[in-house]
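Chemist: What follows is each chain in one-letter form.
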Amino acid sequence: MTAAGEEMHALVERLYPLCRSITGDGVRATLEIVGEYVPLQVHEVPTGTQVLDWTVPQEWNIRDAYIADAAGNRVVDFAASSLHVLGYSVPVSATMPLAELRGHLHTLPDHPSWVPYRTSYYKPEWGFCLAQETLDALPDGEYEVRIDSTLADGHLTYAEHVVPGQIADEVIVSCHVCHPSLANDNLAGIAVATFLARSLAERTPYYTYRFIFAPGTIGAITWLARNAERVDRVKHGLVLACAGDPGQLTYKQSRRGDAEIDRVMRHVLAASERPHSVAEFTPYGYDERQYCSPGFDLGVGSLSRTPYAGYPEYHTSADNPDFVSPEAMADTLAVCREAFAVLDRNRRYVNLSPYGEPQLGRRGLYDALGGRSDTKQAQMAMLWVLSLSDGEHSLLDVTERSGLPFDTVAAAAGALHGAGLIKV
Amino acid sequence: MTAAGEEMHALVERLYPLCRSITGDGVRATLEIVGEYVPLQVHEVPTGTQVLDWTVPQEWNIRDAYIADAAGNRVVDFAASSLHVLGYSVPVSATMPLAELRGHLHTLPDHPSWVPYRTSYYKPEWGFCLAQETLDALPDGEYEVRIDSTLADGHLTYAEHVVPGQIADEVIVSCHVCHPSLANDNLAGIAVATFLARSLAERTPYYTYRFIFAPGTIGAITWLARNAERVDRVKHGLVLACAGDPGQLTYKQSRRGDAEIDRVMRHVLAASERPHSVAEFTPYGYDERQYCSPGFDLGVGSLSRTPYAGYPEYHTSADNPDFVSPEAMADTLAVCREAFAVLDRNRRYVNLSPYGEPQLGRRGLYDALGGRSDTKQAQMAMLWVLSLSDGEHSLLDVTERSGLPFDTVAAAAGALHGAGLIKV
Amino acid sequence: MTAAGEEMHALVERLYPLCRSITGDGVRATLEIVGEYVPLQVHEVPTGTQVLDWTVPQEWNIRDAYIADAAGNRVVDFAASSLHVLGYSVPVSATMPLAELRGHLHTLPDHPSWVPYRTSYYKPEWGFCLAQETLDALPDGEYEVRIDSTLADGHLTYAEHVVPGQIADEVIVSCHVCHPSLANDNLAGIAVATFLARSLAERTPYYTYRFIFAPGTIGAITWLARNAERVDRVKHGLVLACAGDPGQLTYKQSRRGDAEIDRVMRHVLAASERPHSVAEFTPYGYDERQYCSPGFDLGVGSLSRTPYAGYPEYHTSADNPDFVSPEAMADTLAVCREAFAVLDRNRRYVNLSPYGEPQLGRRGLYDALGGRSDTKQAQMAMLWVLSLSDGEHSLLDVTERSGLPFDTVAAAAGALHGAGLIKV
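Chains as they are written, first to last, in full-length UniProt numbering: chain A, 1 to 424; chain B, 1 to 424; chain C, 1 to 424.
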């Protein structure tokens, strides 16, 4: 795990400088790097395509951008950080006094040394983001502003990676790839998703796992629009975001609140005795908003460490690779693996010998010596599985009712299934 | 509101001296005065009319009543307070020693200066109510007792006032008008109902509001008997009683416990941060007993300040106009208005664009600038309404799930409805 | 009750020396003694009979067993306690060194003076149980071991006692009779069941009560197998075990958790203000395991004092008649009687006058004098029964909603039934 943590952090550092947005070459470059770890199927969707209630916008690309003072010194420079340009800025090339320029500048007065992250996807606008202290140091006078960007018909880009399972029913894992130089939001999520995909491929899982790397909102909406007729295959899902900060884990439940993924995540987090919190669904945050919209209402929750907008570094230059750690990402990855290991085995069995207890001893499943008071967990787990296997209760129900570990319950179910005493 | 409080208190003082009972001219005089504030339709139901399991009794009227000592001094005098006569006393004119008279006297030994309120509606009886200290001061000897009352075929009187709404579905507001000189029970309830009716007429409400001024038990039963075929129009209701004492507000839930009026009252009381209590239904108290009887089982709760029989002044001469205040009545009125304002707007909407989020920005409903962490309440409310508008959730559900104010949620629903994104 | 307690303890002492097992003459002798108190129908089921997933085993009988030292002294002697022999030991007659013998000896190192209780019903084996300190005192050397037992085709024995009720629907009371010299587990349960049967016969109960005295597991399974077609008559049931130790009462709920017996037992224990605990169902313990197996899923709970395996004396020679007291058994018996008194009266009524309140005064069920604040419990109980008698709520529901005593509620229902206002 430590090795995986280091590898994930290295991936974050590699992706960090790229200028991602909801379209454009930054997304393509990001997916190309991720594709070195797990094979990706990349989709390009043309500008103007109708996707649900939305339309794929023009593609945005940017080559250079700066504010230069009268002496020609670049006082704000896109080359230093992709955050310096308002996302989706229209091109501009002008000279203007500071007073006029101010209307296009975004700062964080409460964190004067940090650069904010701002966008204007759907309203044509240009602007720069900079530290308040940089702005304060600018003398009055004329400034040259230049944004060498293009807004033109092109494509929206997203990618999928599928780990085929024993059945066609799917679990989706989705992460947004549209944020520029922000480490926790969401390079850490991308890194955890990538390594999770790799680890799931080690053996054929029960479910088919589909990983979606797509720009936020418009990307998830595009995926849903293009998969509307097969979305009923999606039985469970997880949105990964803010997966690497030092805070404790937070699971945000699906809109349903009692979806199987909700119960699995709550169980795994509680059973692991990690400090954590479980949050109710809200229709805000990441792409669970789209997957859980009432028409789809998928069983998709969201796993983060400190949740959306819950830390001061959120959407600022302070969310840099130092803010995320190999240990935190490894921990997020471990919880995902534990949760999917439960999800993959969480069946509802039917007891084929439901009248009285079947004679387990005859089948070698029960101790011959009677009278002792320290009955073993494995035997208790078999009795619990037999008792609750009425087609209504899943192994997770058995686990929660019995207080036994899920692994013990699943092993007992395996033994009973092997003896022909229960069936799915 | 202060003005309304003073006006309500003046109404209480005007009504206080009248000798009301379940029938008779005291009720008629009361309704005549209320009719000066809001127009009333007065109903007269003849003695002997079968009403559900009951029969309208003979009408009771009283002109004079007293106990006089040997010297002819009136030691107990109906002219001083209508409480002095046992309600529905049959006429009597006799002279008897104190020892014999005692069997007809009612006092409150624990509150020796207070006169109790007692009745005997359905068993022919006569009696006087007086202060224990008055009784203690009476010397032995002969006393003249005289009750100049009439029990004769006549009518039971009740009244209605209707505020027509946009739809025919009704909200009933019911208060009992049968108690004699008792201010909190129920002149305060009558006053609040009267001013509530007046305020609802300021604009056409959604529901039709029907105010019922009727004697307790037999009056409500008479109303139900005469409206049995249209009672299914009554969707919600509130019994108003003990509406002016200094205690905190108490909402007693309907028999159902989860009727919409129950949820609305609980929400409004909690959201207003008034100290208050919410009580479970019991089949005792005021006319909610009848409206919530299992055959009707209407969604009718009861709003009081200190509830039924919960204060020492209850059913005694200490429940006089000094016991109720303009401020308390104004507060009860305000809560009723707030509750009906919620009830009137509490619809279930259906999201017409339920697959993914609709693009609010395109419709001018969403900020263009992205990336900020302080999303506004109005936007959050729109997302919540869209998320929960599946035909199952009301705006009150949205309010409780979101933690946003009802007004904000209702405004968001209005904006979305205006944009054609949701329908009722 | 004290007299019953002493009689029950005398019964425990009488039964204590007998060597019971899941078959054999010890069970027969036990049932013969119980039959002196209540008439029993004894059933004999032949070896080899298929019962559900099980087969009735060979019958086991034992005449003598000992370990003797080289000098011929019996160092372990079955005559001193039936616990000394491993239950269902096959016969043995041999001389062997202590080292070899050790593999057949069972002790309790943590309680060196106590003899454990051990069995090997379904795997042919022989063995002795003894105190650790007895074992420690044995010098090395040769020992004679002899178990004069028989395992041969025969019968499994169980008995029933039926108290006929007003209806054919049944309540079963089941206790296991297979444990040898152990007082709390389960001679106390047998004694309480016996005296409970006797007390129920004092008047014809509503339900038919069937008492089952059967060996644990295989006996309950045999009863279920032979009564499979009539088991749907069993509406409620109670397993009695560990009924006499000094601990507080424990009710273990049925698998359903909300069966009527569960609600009745919870109510009676809470209302009696006895210290007690209520435990969730687990598929371990006594014969509730069989009655609650998912194919039957009967509403059968289990009443104990300290529950199964919850006391150090469990399954040891320390569970002797001194460990159980007349007072504890009398208390267990009293709770059973209280519970069945509630169960027997717990009907669902339908209000025949559900529109408004019926006029109780006219029927002599209500005080004529109105206005008092201290309404009597009996009147409140009538209003509650009328309010909730919609066919959905039982008298226990009325009791719990109203907070009134069950007896008061049942008396009110009786009065209303007598007046023709409610029907079953």
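I should point out that these hints are in silico values taken from the structure, not numbers from a laboratory.
Hints are supplied without guarantee of correctness; some may be wrong.
Copies of one chain are not kept apart here, so a pair can be met inside one copy or by any two copies together.
30 angstroms max Cα-Cα, derived BS3-like pairs, lysine-lysine [said to hold, decoys possible]: (1) Lys376 / Lys423; (2) Lys235 / Lys376; (3) Lys376 / Lys123; (4) Lys235 / Lys123; (5) Lys123 / Lys423.
Chemist: None of the hints should be skipped; say for each whether it holds.
Modeler: Structure-based check of each hint:
1. Lys376 / Lys423: within (24 angstroms within a copy, 52 angstroms between copies)
2. Lys235 / Lys376: neither (35 angstroms within a copy, 33 angstroms between copies)
3. Lys376 / Lys123: Between copies only: 19 angstroms across, 66 angstroms inside.
4. Lys235 / Lys123: Answer is neither; intra-copy 36 angstroms and inter-copy 47 angstroms both fail.
5. Lys123 / Lys423: The answer is between: 28 angstroms across copies meets 30 angstroms, while 58 angstroms in one copy does not.
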